[in-house]
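Asks: What follows is each chain in one-letter form.
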Amino acid sequence: MKEVLFMTVAVVGVGYTDFRSTTPDVSFKEQMFEAAAKAYQDAGVHPRKDIGSFITGAEDYWEGYSIFDEFVPDQLGATLRPVCTISGDGLQALLTGAMQVKTGLMDVVAVESHSAASDLLSFHGIVSHGLDPVYNRNMNVNPFFVAGLEMRKYLSETKASREQCARVVTKNKLNAMDNPLAAYPAVMSIEEVMKSEMVSNPLTRRDISPLADGAIVMVLASEKKAKELSENPIWLKGMSWISETPWLESRDWSDATYARLSSEKAFKMADITNPQKQLDLVEVDDWFSYKELQHLEAIGVCEKGQAGKLLEQGQFDRDGDTPVNVSGGRLGAGNLLEASSLQSVLECVIQLRGHAGKRQIKGAHTAAAQSWRGVPTATGSMLVLSNEK
Amino acid sequence: MSEKMKEVPGIYLRDAELKAEDAITFKWRPNAKYAWSGGIAYSRYLAELKNGRIIGRACRECGRILVPPRMFCDTCFRATDEWVYVKDTGTINTYSVSYLDADANRIKEPILVAVIDLDGASEGIGILHYVDPKVDPKDLHIGMKLKAVWKPEKERIGSVTDIAYFEPLKEG
Ligand SMILES: [Zn+2]
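Residue numbers (our numbering), protein chains in the order written: chain Z, 919 to 1307; chain E, 3 to 174.
A few of these clues could be false.
Said to hold, decoys possible - Examples of chain Z residues lying across from chain E (beta carbon under 7 Å, computed):
(1) Thr941
(2) Gly982
(3) Thr997
(4) Pro1051
Treat the hints as calculated values from the structure; they're not laboratory data. Just so you know, these numbers come straight off a predicted model, no measurement behind them. Cβ coordinates follow ideal geometry from the N, Cα and C atoms, glycine included.
This is chain Z alone, in the form it adopts within the complex (with noise of 0.2 Å):
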């Protein structure tokens, strides 16, 4: 186990579309060539003789294709090349990226993960599909009740309130004001999102990430290699995940258990002792207003039950002491489906490279991206990145 806590992975490249609502212009073969070429550009490399395998994220249903690995090799630059699908979010692509790397079987890995939202016309029908045939999907609700369940025990249990659900609402859209990539920046009311239409009570349609199209791509490379490409490698310091039991009639409606237990594991990793301190800013997954509470709780940002008292006091705000979804997250700059985790690490490769303009974070050198796969999941990873090796 000892030498596995040694990390040597580095991001070297990152390449991505600006996140739209809709894309009736591109194909996602179109938006992915477009992406991957920016990454391979930034990390100096040719997929044609440089990058030894490739991976991307991708669920069939979400791109209504059956083996979907067959679609993706040509606009990656990986015809005739390893190349492979992990059927689930980026960041578990990524995280299977640093693996292969770690083989030392190859020295260069691209990862890959897209949504392509605007051409699913059945979104709630694909999430329905999603629940157990026997018990769940007779009851002919709408798939975000599993939501609805979960903020109301979160809620009753924590005391958090619904008025501080919508603060994380209008913090990420505000936050997303100045990413040029997100989709859905907005200076938006508390009052706005209170009073938007009743989803699953507590849920309102405000408190729910509205979805996006976009294509994410990383560059993934060894030590060594990094050293050589790069002038500003930003390493992998420590990684898990984690799947929950699937039983929406037994789980732990009130933590998010895979979040603490992954985080858990990838802070031991990276030697993170006190996250609060530790971490230079955070990206968690706020697919849903109040899942953004529940994951720092989670994640030991801060105690149960405090994540909506340190909200309203500005600690998670861009100038605060522990930043939260700086890009705008799911809520600000769109829900990217399994790409919204690459987005998160997104931000945090742009901010430990300093290049995040506007929204820098000054000094910033550990960052923390966490990820959930959505309703009715209860999977979840965690990935801590640093400036320094």
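Model the placement of chain E with the ligand on the given structure of chain Z, informed by the hints.
Replies: What follows is chain E with the ligand alone, placed relative to chain Z:
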């Protein structure tokens, strides 16, 4: 099968028994609907088919002409450079004769499908299409010359099936 499985009581259900009212079954029809963005390459290709023409994209680096068109070259990993019309005639690269339809029903008149390397595109690049159903499957062969039979202009909708099928090219 393990010894234990042999002791499982009951019988395997037949189709009729599964459909009987006293059998406990669950039905689920996935609601999976998509409307893929055409993007640049698909959109132009389909628009040109509606015009009765086949268009590809050329990559200056490797010199290949890609049909259907792609905005990037998979071999060189670079953006392709220009639109190029290719001919609606070509040569059978490979073919098959299917005696099942898409739902696996056995059909009397077989469906003839072929990959046709198009004249003007690069070697080994072309179109997947039907061959005229009037052709005797025995007469099909690799290397056979074919020509597109287009649907009347009014019936074209911007689809690969705007070409009805490919028929043998008459000599001379
Ligand atoms: Zn080429």
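Asks: What hint numbers does the structure not satisfy?
Replies: none
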